[in-house]
Amino acid sequence: MTYIAPLPKDAIADPELRALMAEAEALGVPDDLFPRILARAPEQAAPLMRALIMSHAQGNVDHRLKEIMRILLARFADDKYFASLRSAKARAMGLTEQRIDDGCFAYEDDAKGFTAAEKCALRYADLMFLDANQLDKSFYDEMKQHWSEAQIMELGAFIAFHYGMQMFMRSIGA
Amino acid sequence: MSVNPDAVGAAFFDELRRHYSDDEIVELGAFIGFNLGFHTFFGTLKFYPLFSPDGRLVSQAESEKLYGAAPVSLGKTAAAE
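Quick mapping for you: the protein sequence lines, in order, are chains A and B.
Counting along the first sequence from 1, when you hit position 11 you're at 11 in our numbering, and nothing is skipped either side.
Count along the second sequence from 1, add 174, and you get the number used in our numbering.
Please note that the accuracy of each hint is not assured.
[To be verified] Think about it this way: if two alpha-carbon atoms lie no more than 30 Å apart in a straight line, the pair counts; the simulated DSSO-like pairs of lysine-lysine are:
1. A:Lys144 - A:Lys89
2. A:Lys112 - A:Lys89
3. A:Lys119 - A:Lys89
4. B:Lys220 - B:Lys239
5. A:Lys80 - A:Lys119
6. A:Lys9 - A:Lys89
7. A:Lys112 - A:Lys137
8. A:Lys144 - B:Lys220
9. A:Lys80 - A:Lys9
10. B:Lys239 - A:Lys144
11. A:Lys119 - A:Lys144
12. B:Lys220 - A:Lys119
13. A:Lys137 - B:Lys239
14. B:Lys220 - A:Lys137
15. A:Lys119 - A:Lys137
Just so you know, the hints here were simulated from the structure itself, not pulled from any lab data.
Model, not experiment: these values are computed from the prediction.
Full structure from sequences and hints, please.
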């Protein structure tokens with residue numbers, strides 16, 4: 001039971017938020033708990049849901065990689081809610097639980113088969129809230145060897161936003 | 175939420191509810207989460223405020239000299255004056 005009770009689904013009238021909830025239900029991330037809690041702040045609910053879905057499932061970075069990064073961050077945030085959710089789209093693209101665990105705990109191990117670009121992106125997620133001081137010029141120079149600046153912004157904003165929402169869900173006892 | 179998330183528990187929410195409605199707590203929590211994430215991200219990009227404490231539009235090089243590695247907020251600067 002969360003510290004803040006979610007609204008009943010049928011109490012949500014905003015058609016945009018309801019459409020986003022349906023989109024998220026098909027994706028699997030988030031389930032309806034997150035938007036039903038957000039709906040208590042109706043002016044923020046739809047924009048935050050839209051950003052959460054768009055940053056995760058759209059863009060120009062492989063969705064499977066972002067799914068691994070999302071779960072890595074949720075585990076680091078100790079957010080059991082988001083850590084337990086899985087993207088149906090990523091699963092359909094071939095992402096397995098073993099690959100997720102490898103990406104969270106052993107991505108630097110060459111035997112796990114992550115590319116240099118994937119390792120760099122996973123390190124980005126790993127270090128952002130562990131030790132942001134390591135994300136310095138030399139790190140961004142390395143990122144630029146593998147990713148465009150647009151992709152780096154996509155990844156950085158994705159990491160920042162999802163971690164923030166994970167910490168929020170953790171804080172309310174989800 | 176950022177420095178000691180374990181301290182944000184049932185007792186803390188009971189205290190929050192003495193001052194804020196559940197709807198307001200959700201608004202605050204989402205706001206904090208959003209800022210917690212993006213301020214850390216922006217901090218890694220090494221960019222500085224566009225304006226000096228006295229309101230001049232300044233270059234990034236000048237802004238870095240003014241604010242340094244640990245920027246003092248404009249509010250704090252103004253309060254000190």
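**Q.** Violations among the numbered hints, reported as their numbers in ascending order
**A.** Going through the list in order, the structure violates no hint and respects every one.
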